[in-house]
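Let the sequences and hints guide you as you build the complete structure.
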Amino acid sequence: MKIFIIISITFAITSCSQKSNENSEKPDYSAFAASLDSIMELDQGLRKQINEAMQSNSPLPSDIFTEMDKIDSSNQAWVKAKLDKYGWPKKSEIGEKGSRSIFLVIQHADLNEIEKYFPQLQELANNDEASKIHAAMMQDRMLMYQGKKQIFGTQASSKLRNDGSWVIWPVEKPESINDRRKEVGFTNTVEESAASMNAIYNPEEPLIKNQKF
81 MKIFIIISIT FAITSCSQKS NENSEKPDYS AFAASLDSIM ELDQGLRKQI NEAMQSNSPL
141 PSDIFTEMDK IDSSNQAWVK AKLDKYGWPK KSEIGEKGSR SIFLVIQHAD LNEIEKYFPQ
201 LQELANNDEA SKIHAAMMQD RMLMYQGKKQ IFGTQASSKL RNDGSWVIWP VEKPESINDR
261 RKEVGFTNTV EESAASMNAI YNPEEPLIKN QKF
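Residue numbers for the sequence shown follow the working numbering, beginning at 81 and rising by one.
Keep in mind the hints are simulated off the structure, nothing from the lab. Among the hints, erroneous ones may be present.
[What the hints assert, rightly or not] With a cut-off of at most 20 Å between alpha-carbon atoms, the simulated EDC-like pairs for lysine to aspartate or glutamate come out as follows:
| hint | residue 1 | residue 2 |
| --- | --- | --- |
| 1 | Lys162 | Glu173 |
| 2 | Lys229 | Glu255 |
| 3 | Lys212 | Glu252 |
| 4 | Lys177 | Glu121 |
| 5 | Lys229 | Glu284 |
| 6 | Lys212 | Glu176 |
| 7 | Lys150 | Glu121 |
| 8 | Lys262 | Asp208 |
| 9 | Lys162 | Glu255 |
| 10 | Lys177 | Asp152 |
| 11 | Lys171 | Glu105 |
| 12 | Lys170 | Glu195 |
| 13 | Lys177 | Asp117 |
| 14 | Lys165 | Glu209 |
| 15 | Lys253 | Glu271 |
| 16 | Lys128 | Asp149 |
| 17 | Lys160 | Glu193 |
| 18 | Lys196 | Glu209 |
| 19 | Lys160 | Glu195 |
| 20 | Lys239 | Asp190 |
| 21 | Lys162 | Glu121 |
| 22 | Lys262 | Glu209 |
| 23 | Lys228 | Glu255 |
| 24 | Lys171 | Glu203 |
| 25 | Lys239 | Glu284 |
| 26 | Lys229 | Glu271 |
Bear in mind that the values here come from a model prediction, so they are computed numbers and not experimental data.
Structure follows, in structure tokens:
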């Protein structure tokens, strides 16, 4: 009986030690950042093409959004596997470009994924280890997907009006929105941001309940 107890305790200690080593494992941040460079190129490539076409009123390939969804799914699978294993890396570990790449991939994910990872991004932003602007944009998108008013006015939608025009999603306390934007680092106003997106900004834009995305 004593031998069995000793063996059991030894096994438990060894198992805990192995788990601790696994949890403390860190990635090769140089290799991580290099992979993120390629991911960001994929993420932004088709979006740049879409934005340019919208600006010039040019037609888009019929399958471009299907292709973008495929790229997003692949990028998200890779990034989420890393985040689930290591957590959201600090800007000082991954670099500003790598930090931006992770933000873009999760920003383009669905609501469940944004809700899952946003707290990590916000905590890092609070400690200057991630962009406060990125955290503000992700919070706005999360709120929009939840059918709530956004805080910083960074998100636009074509689903608010029957004519399909792009409109800044309804905002909380519009009288102080530009002060809030300035606090987190935005250098433009919500009006200027709307103009850059060719979107309409109405401070009193009504919130549509049960809007699906």
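Tested hints:
A hinted pair counts as satisfied when its Cα atoms are at most 20 Å apart, and Lys162 with Glu173 qualifies at roughly 14 Å. With a C-alpha separation of about 14 Å, the suggested pairing of Lys229 with Glu255 holds against the 20 Å cut-off. At roughly 19 Å between alpha-carbon atoms, Lys212 and Glu252 fall within 20 Å of each other, so this suggested pair holds. Simply put, Lys177 and Glu121 have alpha-carbon atoms about 11 Å apart, close enough for the 20 Å limit, and the pair holds.
In summary, the hint linking Lys229 to Glu284 is supported, as the alpha carbons are separated by about 11 Å, within the 20 Å threshold. For a cut-off of 20 Å, the pair hint linking Lys212 to Glu176 stands: about 12 Å separates their Cα positions. Taken as a hint, the Lys150 and Glu121 pair is honoured in the structure, with Cα atoms around 14 Å apart against an allowance of 20 Å. The hinted pair formed by Lys262 and Asp208 meets the criterion: a straight-line CA distance of about 16 Å does not exceed 20 Å.
Proximity of Lys162 to Glu255 is assessed by CA-CA distance (about 40 Å); at most 20 Å being required, the pair is judged violated. Between Lys177 and Asp152 the alpha-carbon distance is near 18 Å, which keeps this suggested pair within the 20 Å criterion. Straight-line distance between C-alpha atoms of Lys171 and Glu105 comes to about 18 Å, which keeps the hinted pair within the 20 Å bound. At roughly 19 Å between alpha-carbon atoms, Lys170 and Glu195 fall within 20 Å of each other, so this suggested pair holds.
Restraint check for Lys177 and Asp117: satisfied, since their Cα atoms lie roughly 8 Å apart, inside the 20 Å limit. Of the supplied pair hints, the one linking Lys165 and Glu209 holds, its CA atoms being roughly 19 Å apart against a limit of 20 Å. Note on Lys253 and Glu271: the hinted pairing holds, with a Cα-Cα distance of about 15 Å set against a maximum of 20 Å. Pair hint Lys128 plus Asp149 holds up; C-alpha atoms about 15 Å apart against a cutoff of 20 Å.
For the hint linking Lys160 to Glu193, the alpha-carbon distance of about 9 Å falls within 20 Å, and the restraint holds. The suggested pairing of Lys196 with Glu209 holds, with an alpha-carbon distance near 19 Å, which does not exceed 20 Å. In summary, the hint linking Lys160 to Glu195 is supported, as the alpha carbons are separated by about 13 Å, within the 20 Å threshold. A threshold of 20 Å between alpha carbons decides the hint, and for Lys239 with Asp190 the separation of about 17 Å falls inside it, so the pair holds.
As the CA atoms of Lys162 and Glu121 are separated by approximately 18 Å, the hinted pair is consistent with the 20 Å bound. Simply put, Lys262 and Glu209 have alpha-carbon atoms about 19 Å apart, close enough for the 20 Å limit, and the pair holds. A C-alpha spacing of about 18 Å is found between Lys228 and Glu255, which places the hinted pair at or below 20 Å, so the restraint holds. A threshold of 20 Å between alpha carbons decides the hint, and for Lys171 with Glu203 the separation of about 12 Å falls inside it, so the pair holds.
Distance restraint check for Lys239 and Glu284: the Cα-Cα separation of roughly 16 Å lies within the 20 Å cut-off, and the hinted pair is therefore satisfied. Distance restraint check for Lys229 and Glu271: the Cα-Cα separation of roughly 17 Å lies within the 20 Å cut-off, and the hinted pair is therefore satisfied.
Hint 9 from the list above is the single one not met by this structure.
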